[in-house]
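As they're listed, the protein sequences go chains E and D.
According to full-length UniProt numbering, the first sequence is numbered sequentially starting from 1.
According to full-length UniProt numbering, the second sequence is numbered sequentially starting from 1.
Watch out, some of these pointers could steer you wrong.
For chains that are exact copies, the list does not tell them apart, and a pair is met inside one copy or across any two.
Below, computed lysine to any residue pairings styled on SDA-like, alpha-carbon distance capped at 20 Å [stated by the list, open to error]:
id, residue 1, residue 2
1, K224, G196
2, K321, E163
3, K189, E199
4, K463, E511
Since the hints were made in silico from the structure, they are not lab data.
What you are looking at is a predicted structure, and each value in this text was computed from that prediction instead of being measured.
Protein chains: 2
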Amino acid sequence: MYLEQINGPEDVKKLSGEQLTKLAAEMRQVLLKRASIHGGHFGPNFGMVEVTIALHYVFESPKDKIVYDVSHQTYPHKMLTGRKDAYLYEEHYDDVTGYSSPQESEHDHFTVGHTSTSVSLACGLAKGRDLNGGGGNVIAVIGDGSLSGGEALEGLDFAAELESNLIIVVNDNDMSIAENHGGLYSNLKLLRETKGEAECNLFRAMGLDYVYVDEGNNIDVLIKAFQSVKDSTKPVVVHIKTQKGKGYAPAEKDKESWHYNAPFNIETGEPLGVPQGEDYSDITAKFLLEKMKKDPSVVAITSATPTVLGFTKDKREEAGKQFVDVGIAEETAVALASGIAANGGKPVWGVYSTFVQRTYDQIAQDLCINNNAATIVTFCGTVYGMNDVTHLGLYDIPMMANIPNLVYLAPATKEEYLAMLDWSLEQTDHPVAIRLPGGPVISDGRKVTKDFSDLNQYEITQKGSRVAVVGLGTFYSLGQSVAKELEEKTGTKATVINPYYITGIDQEMLEDLKKDHDIVITLEDGILDGGFGEKITRFYGDSEMKVLNYGLKKEFLDRYDAAEVLKDNRLTKEQITEDVMKLM
Amino acid sequence: MYLEQINGPEDVKKLSGEQLTKLAAEMRQVLLKRASIHGGHFGPNFGMVEVTIALHYVFESPKDKIVYDVSHQTYPHKMLTGRKDAYLYEEHYDDVTGYSSPQESEHDHFTVGHTSTSVSLACGLAKGRDLNGGGGNVIAVIGDGSLSGGEALEGLDFAAELESNLIIVVNDNDMSIAENHGGLYSNLKLLRETKGEAECNLFRAMGLDYVYVDEGNNIDVLIKAFQSVKDSTKPVVVHIKTQKGKGYAPAEKDKESWHYNAPFNIETGEPLGVPQGEDYSDITAKFLLEKMKKDPSVVAITSATPTVLGFTKDKREEAGKQFVDVGIAEETAVALASGIAANGGKPVWGVYSTFVQRTYDQIAQDLCINNNAATIVTFCGTVYGMNDVTHLGLYDIPMMANIPNLVYLAPATKEEYLAMLDWSLEQTDHPVAIRLPGGPVISDGRKVTKDFSDLNQYEITQKGSRVAVVGLGTFYSLGQSVAKELEEKTGTKATVINPYYITGIDQEMLEDLKKDHDIVITLEDGILDGGFGEKITRFYGDSEMKVLNYGLKKEFLDRYDAAEVLKDNRLTKEQITEDVMKLM
């Protein structure tokens with residue numbers, strides 16, 4: 001195998017055209033096998049094999065610096081830059097992360113996992129080079145799906161100002177995770193159809209030079225294109241047509257499903273894992289579709305991840321105009337929701353915790369200052385969620401819950417969630433966000449009759465004394481376990497509280513606890529800094545009440561084991577009970 | 001005066017073409033007089049007089065809904081929609097805000113003060129209309145300067161998806177606050193030069209229909225253009241060339257200075273106010289320019305507000321390639337800074353607290369996960385800063401200080417600031433942000449020798465007992481006053497602490513205080529929720545220490561009086577001393 005001999009880009013340069021083509025075929029086989037066993041981002045990498053080979057054939061990485069957007073297409077790059085073993089050998093599959101990583105290799109320049117950042121980051125590398133009088137090419141690689149994101153469009157606009165070398169490789173496979181959304185894709189289509197000849201050209205309109213490559217999976221053609229722009233003295237876009245999932249029939253056919261995959265049977269493409277039980281995405285889609293049938297003003301919004309809300313293709317068709325995917329454009333999703341709410345609609349934006357981060361200003365300005373009754377549902381805001389450093393769901397509480405006017409709710413069960421979602425859709429007084437709990441869906445069949453309009457009313461679910469346990473969202477059940485453990489160990493029956501509201505405290509209840517409680521503990525599924533528990537501690541600051549806040553340390557975790565992290569943060573019932581007993 | 005008879009858009013429609021032209025002249029006179037006495041946004045409004053008249057002549061506001069970007073060009077709109085008195089009569093000047101406001105009028109649909117949001121918000125209004133089967137036009141008005149912002153470009157891209165009525169009016173005066181930056185402006189120039197005929201067209205490339213109006217200050221022409229797009233069944237851009245500051249010679253000549261103005265002499269254009277003393281912008285520019293001369297890798301970055309860093313036109317020229325204005329593109333500013341730092345440069349991004357909000361994800365992902373040593377200087381993060389609801393500087397602590405890896409510093413004096421800035425530029429271990437204090441610049445001449453690399457080392461500046469006062473940044477001097485007041489009232493000499501670090505606590509010092517202190521008070525210039533003080537309270541949660549946190553309530557204030565707000569939040573030395581004495 002040629003791949004076995006590739007220890008770095010210098011080895012790519014030794015191969016002939018024919019050998020490079022064989023290398024591409026090998027890389028696809030290796031990618032396919034690894035994907036079938038390990039899972040990962042599939043389609044984007046399969047389309048980029050030849051482009052990556054050609055990049056490393058023509059440019060001199062790491063002197064020439066390649067910045068990959070969102071990293072979904074970095075696997076071939078990793079294979080050619082000293083990390084082939086992590087693709088060739090099953091026992092080494094976990095030696096690399098799924099994202100570009102300077103810790104892994106001098107050929108990676110940033111840890112990247114959110115989309116639409118590569119052009120602006122590459123502008124920075126180029127400017128740093130120019131300030132110090134250095135040389136070398138800077139290359140940003142960006143997929144067509146990422147182009148709709150605000151930061152990417154800002155970057156394309158700014159790039160022209162550099163007036164020096166910057167090569168922007170646009171990998172156009174005519175897909176985002178799902179289909180692309182937005183008017184610029186009609187221009188990409190026009191450019192593909194005219195082989196780059198159309199006068200109306202988004203990139204030229206942004207002040208950039210432009211080269212089109214029609215045969216984006218032909219190594220020879222790609223090498224010539226890259227040679228033609230190498231050492232360019234001004235920013236230039238190389239627009240390359242590739243095929244997402246190329247080389248694996250099921251992935252070529254169903255590009256959306258094969259953007260990312262779990263382990264699967266290579267022969268059939270069928271997933272190997274047993275289908276999981278009910279999840280919050282399915283629950284949400286079912287609920288919203290029923291609502292939509294009764295109420296034409298209900299509309300579900302996603303930003304390039306339609307399935308976060310459970311809206312698979314069939315459900316999107318069922319919803320019709322009542323489903324909107326804005327593409328990768330989270331800021332616009334929030335503004336859109338605010339505008340819809342301002343004009344009589346009932347919008348629900350579904351978003352992963354890690355991506356809601358892209359909209360602080362839109363939540364504050366477009367939504368909350370205007371106090372429009374839009375609903376945000378935050379998925380995977382939990383230690384049990386995605387665990388790559390770029391995709392953590394541990395920060396949305398400090399980010400969102402300190403924005404005035406927002407009502408941020410934390411259900412502990414499916415029933416609480418649906419009651420909150422229903423309430424939120426029907427009220428017109430507040431912007432509302434709902435943070436879904438982590439771990440398996442808990443359904444207790446309880447009918448939730450609480451009126452969430454009475455803001456910040458916590459609920460005592462077990463009345464005890466001396467110790468009160470406030471368990472937020474995911475950790476409400478941990479709170480129950482702590483109370484049980486404590487009673488078993490000490491005979492003290494603790495008070496257990498479901499706070500529901502992340503954004504405010506129940507002053508009356510907290511005041512009342514002073515009568516017959518000495519210790520309050522708070523439990524939250526996220527970092528402690530700026531979070532929920534600290535507000536309760538502040539309330540008790542001038543009193544005799546002892547308060548212990550449990551949550552995670554402020555840090556960037558990466559590919560962690562949730563159980564270990566919880567233990568490290570003393571978030572097991574045994575550890576908490578031990579701490580409380582010491583204090584009693 | 002015709003203007004005196006305009007009580008709403010219906011009165012505009014009654015006027016003849018000649019009368020409308022006279023109305024425009026009157027509006028300019030009224031704007032000029034008010035601006036000379038009251039100050040406000042100048043240039044954008046002067047250019048938009050005719051466009052606004054034509055909009056209200058053709059469309060049926062409020063059934064047809066007009067959304068103004070950033071609101072800098074809403075004064076003529078306010079004059080024609082029932083709020084003329086606030087422009088005609090000095091005693092009513094403060095009856096209106098400087099921004100669009102649904103509280104003021106049914107003709108305003110959002111409270112807007114940050115740029116680049118109008119297209120996405122208008123998409124929401126249009127979608128809300130379509131869901132409910134309603135009619136009417138939705139019109140977004142956006143200035144060319146705002147087009148470079150990510151949310152605006154996302155909005156333009158998304159708009160095509162609506163497939164229904166949306167009219168995007170681009171007010172092209174060839175200026176942002178300062179000159180425009182970015183490649184798209186070369187396309188706007190091409191379109192102006194070809195009277196909209198050029199094939200390469202940013203708006204068409206975004207999938208939108210397009211109409212060009214060359215005579216953007218000619219009411220007749222504007223009326224015809226708007227009539228041609230009224231009730232359009234798909235999104236269309238009306239690109240209008242206007243003249244910023246039109247009608248006032250000094251403003252036509254120096255567009256940057258006349259974007260916003262303080263009260264001035266109409267005859268000469270000279271400002272009436274006495275020039276203020278030294279401010280942090282001047283101090284920063286002076287320091288950075290000296291640094292730049294010695295070190296070619298130092299680079300100052302701003303995002304359309306170059307003077308926030310003190311970089312007036314002459315200083316920008318002096319800095320040459322070592323100054324970069326990215327235009328309105330805050331996200332790109334952060335990514336650019338991160339990239340420069342990753343490639344050997346020393347970037348400093350200067351930004352107002354209210355606009356740093358636009359970059360949560362970029363600070364977290366592009367900068368802090370990558371731990372690149374870029375510097376952010378946050379201006380006006382204080383109760384003494386801008387006081388419009390859309391421009392508050394009270395939230396940057398909860399937003400930024402809970403992001404891992406960031407070192408967020410709070411100087412109390414000019415000397416501390418410059419020592420921090422110098423340290424930050426020369427170190428390579430951390431992303432650093434520095435929050436400038438509010439109020440007049442305090443300079444104590446003290447030589448600061450502290451090594452800020454030893455993170456989270458607070459400083460005891462007065463050793464006392466029983467009570468410790470931790471005064472952060474702006475409020476360090478309030479802390480000193482409280483200690484003095486307390487000593488006078490009770491004889492107790494309090495410990496006074498300058499914490500310097502917003503992002504971490506000095507555990508050792510805080511632990512040590514337990515020995516001979518019963519009360520700790522924290523003072524911070526921002527909201528308490530998610531802020532600095534709560535972290536200290538959490539530290540003491542399980543101890544006997546009483547902690548009082550002082551700062552602002554989480555709320556959206558608007559056009560407030562700082563002294564009143566401080567009093568309402570018990571932030572005077574007398575109130576704090578009273579509270580402490582009660583607790584002692």
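Handout entry: K463 and E511: within-copy, between-copy, both or neither at 20 Å Cα
Key = Within one copy, since 15 Å is at most 20 Å while 34 Å is not.
Handout entry: 20 Å Cα threshold - placement of E199 relative to K189
Key = Answer is both; intra-copy 13 Å and inter-copy 16 Å each pass.
Exercise for the section: Measure nothing new, just compare the shortest in-copy and cross-copy C-alpha distances for K321 and E163 to 20 Å and report within, between, both or neither. Expected result: between (44 Å within a copy, 11 Å between copies)
Handout entry: Within, between, both or neither: K224, G196 at alpha-carbon 20 Å
Key = within (16 Å within a copy, 36 Å between copies)
Hint violations for this structure: none, all hints satisfied.
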